[in-house]
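Enquirer: Here are the chains, one letter per residue:
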Amino acid sequence: MKVELIQLEEDRIRFLLSGATAAFANGLRRACMSEVPTLAIDEISLYDNTSVLFDEQIGLRIGMIPLQVEDLDLFSEPEECQCGGEGCPGCRVDFMLSVEGPGMVYSRDLQFTDPGVKPAFDKIPIVILGEGEKLVIEGYATKHAGREHSKWQSGTLCGYKNLPTIEIGDCSGCGKCVEVCPRKVLVLEDGRAKATNILECSLCKLCIEECDAGAIKVVPVLDSFVLSIETSGCMPVKELVARASDGIRKRAETLDRKLAELS
Amino acid sequence: MIPVRCFSCGKVISHVWEEYRERIKSEPPGKVLDDLGIESYCCRRMLLSHVEIVDTLRRYQ
Ligand code: SF4
Ligand code: SF4
Ligand SMILES: [Zn+2]
Ligand SMILES: [Zn+2]
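Protein chains in written order, with the numbering used here: chain A, 17 to 279; chain B, 33 to 93.
Worth double-checking, as some hints may not be accurate.
Unchecked claim - Computed spacing ranges between beta-carbons, pair by pair:
id, chain 1, residue 1, chain 2, residue 2, range
1, A, D206, B, S81, 45 to 53 Å
2, A, E216, B, T88, 26 to 34 Å
3, B, I85, A, R273, 54 to 62 Å
4, B, I85, A, G35, 47 to 55 Å
5, A, V19, B, S81, 32 to 40 Å
6, A, Q73, B, R77, 17 to 25 Å
7, B, E51, A, R273, 48 to 56 Å
8, A, V203, B, R90, 49 to 57 Å
9, B, R77, A, N42, 47 to 55 Å
10, B, T88, A, I224, 30 to 38 Å
11, A, R163, B, E71, 23 to 31 Å
Stated by the list, open to error - Not close to chain B: a few residues of chain A, all C-beta gaps over 10 Å, as computed:
id, residue
12, E51
13, D138
14, K139
To be verified - Simulated pairs of lysine to aspartate or glutamate, EDC-like, Cα-Cα distance not exceeding 20 Å:
id, chain 1, residue 1, chain 2, residue 2
15, A, K274, B, E71
16, A, K221, A, E195
17, A, K177, B, E71
18, A, K192, A, D138
19, A, K150, A, D125
20, A, K266, A, D125
21, A, K200, B, E71
22, A, K134, B, E84
23, A, K150, A, E72
24, A, K177, A, E195
25, A, K18, B, E50
26, A, K177, B, D67
27, A, K200, B, D66
28, A, K233, A, D186
29, A, K134, A, D110
30, A, K210, B, D67
31, A, K139, B, E50
32, A, K150, B, E71
Rather than coming from a laboratory, the hints here were simulated on the basis of the structure.
Glycine included, every Cβ here is placed at the ideal spot set by N, Cα and C.
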């Protein structure tokens, strides 16, 4: 298996995975989306809410705010915590939110007791308060993975496609394919169509339909995949992919051990 | 209130809502969305189709 980096930013990555099966590429994609744990606000007590939103709506909005943690490994999931799930500083981070209107309540107004925890975005609007309206909330965040609820989803837009190859045979240079390609993959050069930024090709095959000469062929490379992964902001995408692959390895090892016990 | 994240992909989109709302008064919405880094069409429709009604609701509190 080979990995080649195509693009890396703080919140998104694209890389080429070759010599792998579709099942593995999909496994990695799904691990990024639903198996990498992160913190999210889980339970709240509302002491005062005179805003226009119902308590439940406020609860949902607060829960969906991604949280950044300095050292995620300091926390464990409540079910695996030494406290047995009762709740302790090892599996909970408390917060307070107390705002009086008029004005917008933002994610940055959440005050966590642990200085290592903060909202990934400062300016997520929670609710707009009118004159004299109040919002007083106390609660805590817990660590879970996306399979539990989408608020713990660390990877958001994760996908893959086969690496495309484009073969151009007997081309008359009519330029129809260049015109129709929505990804601007094809260009005309010296009276012939030519593929340029092939990674952008979405394998839509519009160019094949358009070519009267039947000169163009788009073939997916079956064991190469272009993966693109984005994070919700709770951690850098590098960390997300590393944690996802680590999770796959650990589960494979567990399976290995269990199978060895059986035989 | 604008939903915190995109319904389809889960990306946070609400943090750009206020800037978006101000800028579309003088700029085409498509360009503003490009500038704000809202690329996928699932996320773009969240902002494009949102109607703010909290201030209307407040009158009936
Ligand atoms: S398959 Fe689609 S995206 Fe790819 S080159 Fe042809 S028209 Fe462009
Ligand atoms: S449509 Fe076919 S013949 Fe025309 S430029 Fe493209 S590949 Fe060549
Ligand atoms: Zn605990
Ligand atoms: Zn989206």
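Enquirer: Each hint: holds or not?
Expert: Consistency of the hints with the structure:
no., hint, in the structure
1, A:D206 with B:S81: 45 to 53 Å, "holds (46 Å)"
2, A:E216 with B:T88: 26 to 34 Å, "violated (44 Å)"
3, B:I85 with A:R273: 54 to 62 Å, "holds (56 Å)"
4, B:I85 with A:G35: 47 to 55 Å, "holds (53 Å)"
5, A:V19 with B:S81: 32 to 40 Å, "holds (38 Å)"
6, A:Q73 with B:R77: 17 to 25 Å, "holds (21 Å)"
7, B:E51 with A:R273: 48 to 56 Å, "holds (52 Å)"
8, A:V203 with B:R90: 49 to 57 Å, "holds (56 Å)"
9, B:R77 with A:N42: 47 to 55 Å, "violated (26 Å)"
10, B:T88 with A:I224: 30 to 38 Å, "violated (52 Å)"
11, A:R163 with B:E71: 23 to 31 Å, "holds (26 Å)"
12, E51, "holds (15 Å)"
13, D138, "violated (8 Å)"
14, K139, "violated (5 Å)"
15, A:K274 with B:E71, "violated (44 Å)"
16, A:K221 with A:E195, "holds (13 Å)"
17, A:K177 with B:E71, "holds (18 Å)"
18, A:K192 with A:D138, "violated (48 Å)"
19, A:K150 with A:D125, "holds (13 Å)"
20, A:K266 with A:D125, "violated (38 Å)"
21, A:K200 with B:E71, "holds (17 Å)"
22, A:K134 with B:E84, "violated (27 Å)"
23, A:K150 with A:E72, "holds (16 Å)"
24, A:K177 with A:E195, "violated (23 Å)"
25, A:K18 with B:E50, "violated (43 Å)"
26, A:K177 with B:D67, "violated (27 Å)"
27, A:K200 with B:D66, "holds (18 Å)"
28, A:K233 with A:D186, "holds (11 Å)"
29, A:K134 with A:D110, "holds (11 Å)"
30, A:K210 with B:D67, "violated (31 Å)"
31, A:K139 with B:E50, "holds (9 Å)"
32, A:K150 with B:E71, "violated (36 Å)"
Going down the numbered hints, you'll see the structure goes against 2, 9, 10, 13, 14, 15, 18, 20, 22, 24, 25, 26, 30 and 32, while the others check out.
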